[in-house]
Amino acid sequence: GDSVTQMEGPVTLSEEAFLTINCTYTATGYPSLFWYVQYPGEGLQLLLKATKADDKGSNKGFEATYRKETTSFHLEKGSVQVSDSAVYFCALSDNSGGSNYKLTFGKGTLLTVNP
Amino acid sequence: DGGITQSPKYLFRKEGQNVTLSCEQNLNHDAMYWYRQDPGQGLRLIYYSQIVNDFQKGDIAEGYSVSREKKESFPLTVTSAQKNPTAFYLCASTMSRVGTSGYNEQFFGPGTRLTVL
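Going down the list, the protein sequences come from chains A and B. Everything in the first sequence is counted per the working numbering, starting at 19 for the first residue and increasing by one. Everything in the second sequence is counted per the working numbering, starting at 128 for the first residue and increasing by one.
Okay, derived cross-link-like pairs now, DSS-like style, lysine-lysine, Cα gap no bigger than 27 Å in a straight line:
hint, chain 1, residue 1, chain 2, residue 2
1, A, Lys74, A, Lys125
2, B, Lys184, B, Lys197
3, B, Lys184, B, Lys198
4, A, Lys95, A, Lys74
5, B, Lys136, A, Lys125
6, A, Lys125, B, Lys210
7, A, Lys125, B, Lys184
8, B, Lys141, B, Lys210
9, B, Lys184, B, Lys210
Calculated directly from the structure, the hints in this document are not laboratory data.
With the hints as constraints, model all of the structure from the sequences given.
In C-alpha cells, the structure reads:
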C-alpha cells in the first residue's frame, strides 16, 4: 500500500537557518504530493502541493520538488523564522485505481525555531 | 467566508459515555473525513463519506460511528466501545469523490480535543 516516510523530529534551528525536512513515498500509481503545516492547537493547513513529476510547489518561502526518480518531496526553506515553528506533515494522494479520495500522511516533524 | 467548523474545541467525557463531535462545512464539498491524531503520530483515518447518506470505514473505525444526513454536516460519535478515545480529532473535506479526476486537496477544520476523565 501507499506510505509516506518523513524525517523524525524534533528539529531545532536558530532563526535564519536553512531548513530541510526529508520526505519519501511509496505509491502504486502517480500520486499528488502535499506538505501540510499544523500550528499549536490548530488544524492542518495546506502549505504547498505538486501534482506531477518535476513540479515545484512553493509558498511563504517554502519549496518542495516532486522527484519521481528518487520518490521524494523534501521541504526546504532558505531562512526560517520563529513563526515557522509548527509540525509539518508530508502527504500523498494516489490518483490511480479509484483511491484518490484518501490522503496518506507521514508522522509529522516538529520544527522549533529559536530567536 | 467558506470553511470548516468543528465544535466543541475541548470536550471532556466520563468513561462509559458516548459523545458527539460536530463538523460543518460550507464549501459545497462532496467528501468529508474524520481523522484522529495522537502525539508523535500522523493522522489516522476513522471514517469518510463521499456523498450524502453514504459513508465508509477508514483504518481505525472501531468504537466510532458517523452519519451523513446533510451534505454540509458529518458528525462523529465516540462510543463507550472506544477504549482509548483521548486524542485530537480533525475533520476535513474535499471537492472530489472517488473516481473523479484530479488531485485531492483536503481542507481541515480547527479540531476538537477530547479527554476522557
